Amino acid sequence: YLYGLSFMTYASGKFTSFLMGEVRPGGWWYYFLVTFLIKTPIPLLLILVWSAFVQRAFWREDSVRTAFVVGPPLMYFMAISASGWNIGHRHLLPVHPFLFVFVSALIPWVSQRPKVVKSGIAALVCWYVLCSAWISPHYLAYFNELAGGPDRGGRYLVDSNLDIGQDLKGLKRYMDEHGIRRVWLAYFGQASPDYYKISYDYLPSYVIFEPQNVNPDAFRFERLPPLRGTVAISATLLYGAYMQTTNYFELYRQQKPVAKIGYSIFIYRFE
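In terms of this note's numbering, the sequence shown opens at residue 46 and continues consecutively.
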């Protein structure tokens with residue numbers, strides 16, 4: 046009980062937030078607007094605009110029904126935007142059921158329109174399905190084309206928008222496939238590398254477990270220099286979130302990684 050109470054007290058405070066390369070405590074009022082625009086598939090955004098345009102007359106005729114559909118998600122969106130809880134697009138999930146109810150009003154309208162209109166909505170639906178199929182199985186890392194896709198998404202958002210430490214298993218597979226016995230590891234997440242039998246030297250990270258093989262020399266740098274061997278860095282840390290200095294991995298951000306593990310772990314190699 047006391048642990049839960051202390052956690053809720055902590056969670057009600059202001060978190061350090063990351064948005065478009067900037068780190069600050071407390072976040073931005075427009076954080077969730079940005080996440081919505083770049084984490085939502087473009088076809089759904091277009092369908093929402095289309096639906097709003099079609100229904101504009103209906104809003105005046107039946108304002109009560111409109112209020113039930115539009116009011117709750119709008120109030121929730123405003124509340125979460127004012128909360129300072131800027132750590133993930135997932136906090137907008139309660140809005141989505143209302144969005145799908147809202148766009149469903151297009152169905153009777155489209156059914157009475159020419160074939161070209163029906164083909165247009167069908168194309169958007171197919172595009173939406175393809176977005177899900179294309180990112181599979183790395184759904185968490187989805188960013189739409191406005192952000193440049195998942196490869197460039199970390200420039201805008203990190204943490205649970207991209208990286209919650211989900212790719213340790215993939216890192217172990219990569220090490221086995223390439224004959225890598227040991228890595229330098231900067232990890233963001235709650236899973237333990239030891240569970241996956243990953244041999245590593247620990248770099249400054251954001252974890253809840255007690256790390257093994259801590260190399261104190263790595264903690265004396267303001268900017269980590271190139272390390273001999275293979276270096277694996279979680280995207281959240283690479284872009285400077287939750288680090289004592291946002292420039293700690295700056296030299297690595299300037300290099301092209303030799304591989305990416307599921308979009309959330311960047312692999313660098315120096316000889």
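Because the hints were derived from the structure by calculation, they are not lab data. Hints are not guaranteed to be accurate.
As the list claims (entries may be wrong) - 16 Å max Cα-Cα, derived EDC-like pairs, lysine to aspartate or glutamate: (1) K217 <-> D239; (2) K242 <-> D221; (3) K305 <-> D196; (4) K301 <-> D221; (5) K214 <-> D196.
Here the structure is a predicted model, which means the values were calculated and not measured.
Here is what the structure says about each hint:
1. K217 <-> D239: Holds. K217 to D239 sits at ~10 Å (cutoff 16 Å).
2. K242 <-> D221: Holds. K242 to D221 sits at ~11 Å (cutoff 16 Å).
3. K305 <-> D196: Distance ~9 Å between K305 and D196 Cα, so the pair holds.
4. K301 <-> D221: violated, 22 Å
5. K214 <-> D196: violated, 20 Å
Hint compliance for this structure: hints 4, 5 are broken, all remaining hints hold.
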